[in-house]
Structure formats: structure tokens, C-alpha cells
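These protein sequences, in sequence, are chains A and B. Just so you know, we're using the working numbering here: the first sequence kicks off at 1 and counts up by one. Just so you know, we're using the working numbering here: the second sequence kicks off at 323 and counts up by one.
Since the hints were derived computationally from the structure, they do not count as laboratory data. Note that beta-carbon positions come from the ideal geometry of N, C-alpha and C, so glycine has one too. Heads up, a few of these hints could be off.
Claimed, not checked - Distance windows between CB atoms, simulated:
(1) B:I485 to A:L24: 36 to 44 angstroms
(2) A:R220 to B:Y326: 22 to 30 angstroms
(3) B:L597 to A:L24: 32 to 40 angstroms
(4) B:I534 to A:Q25: 32 to 40 angstroms
(5) B:F468 to A:Q25: 32 to 40 angstroms
(6) B:L336 to A:R199: 39 to 47 angstroms
(7) A:G29 to B:L336: 51 to 59 angstroms
(8) A:E311 to B:R561: 40 to 48 angstroms
(9) B:Y326 to A:A184: 40 to 48 angstroms
(10) A:L24 to B:W469: 28 to 36 angstroms
(11) A:Q25 to B:I430: 48 to 56 angstroms
(12) B:P574 to A:L24: 54 to 62 angstroms
(13) B:I333 to A:G129: 26 to 34 angstroms
(14) A:K133 to B:R561: 50 to 58 angstroms
What the hints assert, rightly or not - A few chain B residues that don't get close to chain A, going by computed Cβ distances all over 10 angstroms:
(15) N356
(16) N448
(17) A454
(18) K569
(19) G572
(20) L573
(21) Y582
(22) L659
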Amino acid sequence: MSDSDIALRLEGLQKWFPITGGLLQKTVGYVYAVDDATFDIKKGETVALVGESGSGKSTVGLVINQLERATGGRIFYNGKEISNLKGKDLNAYRSKIQMVFQDPQASMDPRMRLKDAIIEVMKAHRIEGDVYKKAVEIMERVGLSEEHLYRYPHELSGGQRQRAVIARALSLNPEFIILDEPTASLDVSVQAQVLELLRELQRKYGYTYLLITHNLAVVRYISSRTVVMYRGFWVEKSTTKRLFKSAAHPYTLALLSSVPIPEPGAVKRDIILQGEPSNPTKRATLCPFAERCPLIMPICKEKMPPIRELEQDHFVRCWLEH
Amino acid sequence: MKIYEYAIRRIFLLIFVIFGVTIITFIFTRVLLNPLAAYITDKTPPDAVIAIIQAHGFDRPIYEQYFIYLKDLVTLDWGWSNVGHMALTDAIRTFFPATVELTILAIIITVLIGVPLGIISALKNNKWQDHASRIFSLVGISIPVFWLGLSLQYAFTYWTRSIGLPFLPSTGRVDPLLLIQNPVQGWTGMLMLDSFLQGNFVITLDVFKHLILPAITLAFLNVGILTRLTRSSMLEVIRQDYITMAKAYGLPRRVIIYKYALKNAMIPVITSVGLIFGGMLGGAIITESIFSYPGMGWLSYRAIVFNDSNTILAYVVVVAIIFVSVNLLVDIIYAWLDPRIKY
Numbered sequence: 001m002s003d004s005d006i007a008l009r010l011e012g013l014q015k016w017f018p019i020t021g022g023l024l025q026k027t028v029g030y031v032y033a034v035d036d037a038t039f040d041i042k043k044g045e046t047v048a049l050v051g052e053s054g055s056g057k058s059t060v061g062l063v064i065n066q067l068e069r070a071t072g073g074r075i076f077y078n079g080k081e082i083s084n085l086k087g088k089d090l091n092a093y094r095s096k097i098q099m100v101f102q103d104p105q106a107s108m109d110p111r112m113r114l115k116d117a118i119i120e121v122m123k124a125h126r127i128e129g130d131v132y133k134k135a136v137e138i139m140e141r142v143g144l145s146e147e148h149l150y151r152y153p154h155e156l157s158g159g160q161r162q163r164a165v166i167a168r169a170l171s172l173n174p175e176f177i178i179l180d181e182p183t184a185s186l187d188v189s190v191q192a193q194v195l196e197l198l199r200e201l202q203r204k205y206g207y208t209y210l211l212i213t214h215n216l217a218v219v220r221y222i223s224s225r226t227v228v229m230y231r232g233f234w235v236e237k238s239t240t241k242r243l244f245k246s247a248a249h250p251y252t253l254a255l256l257s258s259v260p261i262p263e264p265g266a267v268k269r270d271i272i273l274q275g276e277p278s279n280p281t282k283r284a285t286l287c288p289f290a291e292r293c294p295l296i297m298p299i300c301k302e303k304m305p306p307i308r309e310l311e312q313d314h315f316v317r318c319w320l321e322h
Numbered sequence: 323m324k325i326y327e328y329a330i331r332r333i334f335l336l337i338f339v340i341f342g343v344t345i346i347t348f349i350f351t352r353v354l355l356n357p358l359a360a361y362i363t364d365k366t367p368p369d370a371v372i373a374i375i376q377a378h379g380f381d382r383p384i385y386e387q388y389f390i391y392l393k394d395l396v397t398l399d400w401g402w403s404n405v406g407h408m409a410l411t412d413a414i415r416t417f418f419p420a421t422v423e424l425t426i427l428a429i430i431i432t433v434l435i436g437v438p439l440g441i442i443s444a445l446k447n448n449k450w451q452d453h454a455s456r457i458f459s460l461v462g463i464s465i466p467v468f469w470l471g472l473s474l475q476y477a478f479t480y481w482t483r484s485i486g487l488p489f490l491p492s493t494g495r496v497d498p499l500l501l502i503q504n505p506v507q508g509w510t511g512m513l514m515l516d517s518f519l520q521g522n523f524v525i526t527l528d529v530f531k532h533l534i535l536p537a538i539t540l541a542f543l544n545v546g547i548l549t550r551l552t553r554s555s556m557l558e559v560i561r562q563d564y565i566t567m568a569k570a571y572g573l574p575r576r577v578i579i580y581k582y583a584l585k586n587a588m589i590p591v592i593t594s595v596g597l598i599f600g601g602m603l604g605g606a607i608i609t610e611s612i613f614s615y616p617g618m619g620w621l622s623y624r625a626i627v628f629n630d631s632n633t634i635l636a637y638v639v640v641v642a643i644i645f646v647s648v649n650l651l652v653d654i655i656y657a658w659l660d661p662r663i664k665y
């Protein structure tokens, strides 16, 4: 994999949210939301970032878009470091990186017609030419029509609304789209349509996706590579195929065992994890998963596990594989 | 349903509301107060009292009395206001515009200070600007109106005068001497507006000077309320996904704040401004009394003190009409501002 293929590279990305307390609102501690996110995303591929609530996966998305500034680590976009962009450069970068959030209803100003919402974004970035014509064209791209431009968000159905949010993201000709639980708030039947749309758009226009989700069915459907996160650390990453076939980390195994098998009578062995993720305000110095791990060993409670490459492009952070 | 249909329906309902208000206030005033008090004194001869009782129907059953009252109400024959020393319709015509003038100035002050302060407070959340504005609004809400009014009078009338600085008048609506020298025709009853339209700027300025202190007093409490409301509403909107989204689109901060955040944050603020406005129009009893400002509040205060049941009844009906109308207006503005609201 040559470096010019890589759209986005995260190196040891950290994001700690300060906790303030006391009379003077001093920083008394941190929530260690992301402590080590390291992975590459190739141009035109889809990488899924998987983990449970509080694993820091959404924070990674926010930091990539620079809605939150990283505490440590580096982010490269097309080979350029972006952590200290400001003003116009930042806005230009943001126009390349778009986000689609979970709740399409909340993602749109309730008092703006789609037309105004889309055209405003285009105007803010000085997109040349007939913006209205472009807006219509984009609406058609996501399976909506010109008529929908004159609607308010509440006048659309859930699926249409998510399409509209995607349309708005596409209006800036982005290269990279962060999909933060794009289907979580949709009906199952609509979920498939939206995912199909995303796949088709990628085929036609070569977008790169970072899919943030806890839904492994979605991961398997759309992503080519997968990164599993647990409490701010990536714990396993590989191609999606390999991960589903031969996952190594106990946490990944537990996640996979929770996916329903669409076959009547199929024998399924659930690995039920005990307890909850440990307190995020304490920094993990040993394996973050140790407390809940069903396969715990003495060493897990002593040292942070090393990273190991099991086979090509399959990395795991676990003592078991050492 | 179209908005005008909604308005018509609401106006139709308004009639019933007013009807209900008149029943309640009528019974209360007739039972608790002496309706004769407006018409007799210690020196009225006894046979004249009987004649008055018969003339006004006070000897009839109360429901009959109510219908007589209702007929008078509709035909604008509202009787005599003892405390106003004139017919009630004339009294309302004189005192109400004075309150309108005071209210408009006070609401302008309230909005011009309260809304920007709330916005700054929200944008600088937990910074010193926020703390300062929160302390300011807390003080505004906590200070008793009568104390503020008296303090302002002391500071800007007596104290500035005693050290030879220009001072503001502490009581009244206009300098009567000045008004005799520069007469103003009563077009709307709003002295400041009338004198301004007639080019009589001496009076305009004098009325304005008289209005400053009561308007500040009246505004101060509401500034606090409005600042807090704007702040919390703005904070709530800023935390919405579509604001994060707007940032993610790389829209300029100015556009995000004014076009996305402010527009949505203003909806509850407008309701509250409407209610404050309606409340003020009913007359600020304490403020108007302290500044001897001849408005509705002052009139109603005196009517209550002097057992003037006629004036109290008329006052309550007028306030009810104002309140329901302002509410209707707010609802209509609402529908216009928020496309999600359908009537």
C-alpha cells in the first residue's frame, strides 16, 4: 500500500475531555474518550469503526472533522497534517470531509427548506455555476426529486430525511464522508435502502467512507475493513472478511457472537460479557478490556498488551496472541 | 386550516372568554363591594339614594343586573369612574394610551438589553461574560420593583439635582405648565407620539424625560427574565445536531449563529416577550404608583383603594381583552416563524 493511496491516516489519536470542578472551575481530571486510535483509510474504500457506546468511536469522527481538537496524536489527510488548520483552510478542509449523523431530524434546521439548506452550504463555499441546478441534480443522485427541495424537514419521511442529509453532504463535492450511525434511527426496511444508496454513490463517485457504528450487520454489508474500538483504544483491525472469519481479540469475538444468524435452527453460542466498561475518567495503563475479558490471564492485569500483526493486515492488541 | 381561519376562530372564542371574565368579575364586585359607593356620599339625602338604587336597578335580582350591565358594556355606556373623575370610557381613553406609551418604551429597553445579553451569555458559556450577565439578571429578578423605583428617583432626581446636574422628573407624565404653553391635540392619546407628529418637540422631549425612569423600572425585572430565557434557549439550540452539522459543513460562524441558532432560539423568546407585553399593557400598578404616572395601573390601584367597583370592572374587562388579543398575536407570529406549526 503506497502512501499516495491513503486518504486519511490517524496516528495515536487522543481526545481527552477535561472535567472541571471546584470554585475556580479548574481541570480536575479527564474523560479519556479516545486514547489510541491508529488506522489508515484508503481512497475509495469503506472502513468501519465498531464499538459499544462510550468506546470513543464517535469522538474519532468529530476529531477528524475538527469539531473537536485532538489532545494528542496526528491526523493526516492526503498526506497533510490537519490538526492545526484554522479559519479558511479549516473550512476548506471541512468541505472535503462531510458528516452524516444518526438522527436526520436533528441534523437539519427545522425552519429551513431543503433548497435553502443545500444552497446555503454551496454558497458558503463559493461553488460556481447554477447552484439551483446543482441542487436538483444532487437530489436526484440520492433518489429524491426537485419537488422535495421545497419541503421542510418535518414534511419528509425518515428515509427521505436521511437521503436529504446525504444530499446536503454531497453538495460540496466531498471526497470523504464520515457516517456516524447513518441508519440507527431508521426503519429496518429503509436502512437497507440507505445503505444501498451509499454503496451506489461510492461506486459511481468514488467517495471514501468512515462508517461509525455498533451494528455489525451494517459493517459486513458495506465496509471493506474494520477497526474495533474498546474504551478509547483500537483493539483489533483487519479486513472485514477476515475479521468475521477469524477474529482474535476476545472483545471482537463477543461482539460477533451477538450478531443474529439469519438461519432457523442455527446453533449460536453467545459470549455474554459481564459488567460494564471501566471508568473512563481513569486512564487505562493495563489492558482496558481486562476487567470483562472471559479469557483473562495474570499478565493482563499487569501490563498494556502489545500490538501484534497476526497475518498481513490483521492487527490485534491482546496478550493472548503474544 | 389557513391561518386567517384560525384567527377568526380565535376571535370568536375571545368573545366567550370575555363573557366569562365579565361574569366572574361582576359577581365579585357586586357581592364584595358596594355598587352604590360610586354614586352617593354622606350628604346624599335618603330618598335620593332610593331613586339611585331604582335608576341603576340595584334592587333587581343579580342576574337581571348582570344583563343590564352587559347591555351597558356593549353599548359603551360604562358609567362613571369616581377615581378618574370622568366617564369610564373617557377614563380608559385617557389612561390607556399613557400605559401604552410606557409599555412600548419599557419593552424596547427589555428586548434591546435582554436578548443580546442572553445571546452573549450563551455564546460565552461559563466565561466571565456569562457570569456577569447571569449575576445581572439574577439581580434584576431579585430587586423589588418599589425599591428600584424609589432608588432611581433618589439618584436621578434628588441627588443629581442637589449637586447641580441635569435631572429627570420623578413623577407625572408631562410638565403641566409646559403643556399649557405648548398645547397638543389628542389624536391617539399617546402624548409623545401626538406631539411628535404635530412637530411639538418640546413636549415630546418632556414626555420622554418623564418616561425614562418608570420605563427602566418596569424593564429591569423583565430584562432579567428575558436574559435567562434567551440564554437557555440559545444554549439548547447550540447543542442541537444541526448546529454541529452546520459547523461540519464549514459554514462561517457568523452564519451559524445568526441564521441557524438565533432564528430557532427566538421562538420561546417571542412568546415570552408577548406575555410580558400583555402584562405591561394591563398597567404596572407599583411602578405607575411610585412615579404617579397616570396609566392603567395607577387607575386600577386607586379604584381598588377607593372601592370604585365600576372602574375595577372596566379595568378587568379591558385587561382581559388585551391579554387574549396579545396571545392571539403571539400565536399568529408563531405560525409564521415556525413552519412546523399548523393550525
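Okay, the hints, checked on the actual structure:
no. : hint                                 : result
1   : B:I485 to A:L24: 36 to 44 angstroms  : holds (41 angstroms)
2   : A:R220 to B:Y326: 22 to 30 angstroms : violated (56 angstroms)
3   : B:L597 to A:L24: 32 to 40 angstroms  : holds (38 angstroms)
4   : B:I534 to A:Q25: 32 to 40 angstroms  : holds (39 angstroms)
5   : B:F468 to A:Q25: 32 to 40 angstroms  : holds (37 angstroms)
6   : B:L336 to A:R199: 39 to 47 angstroms : violated (58 angstroms)
7   : A:G29 to B:L336: 51 to 59 angstroms  : holds (58 angstroms)
8   : A:E311 to B:R561: 40 to 48 angstroms : holds (45 angstroms)
9   : B:Y326 to A:A184: 40 to 48 angstroms : holds (42 angstroms)
10  : A:L24 to B:W469: 28 to 36 angstroms  : holds (33 angstroms)
11  : A:Q25 to B:I430: 48 to 56 angstroms  : violated (36 angstroms)
12  : B:P574 to A:L24: 54 to 62 angstroms  : violated (33 angstroms)
13  : B:I333 to A:G129: 26 to 34 angstroms : violated (50 angstroms)
14  : A:K133 to B:R561: 50 to 58 angstroms : violated (35 angstroms)
15  : N356                                 : holds (55 angstroms)
16  : N448                                 : violated (7 angstroms)
17  : A454                                 : holds (15 angstroms)
18  : K569                                 : violated (6 angstroms)
19  : G572                                 : violated (3 angstroms)
20  : L573                                 : violated (5 angstroms)
21  : Y582                                 : violated (5 angstroms)
22  : L659                                 : violated (7 angstroms)
Violated hints, listed in ascending order, are 2, 6, 11, 12, 13, 14, 16, 18, 19, 20, 21, 22; each of the other numbered hints is respected by the structure.
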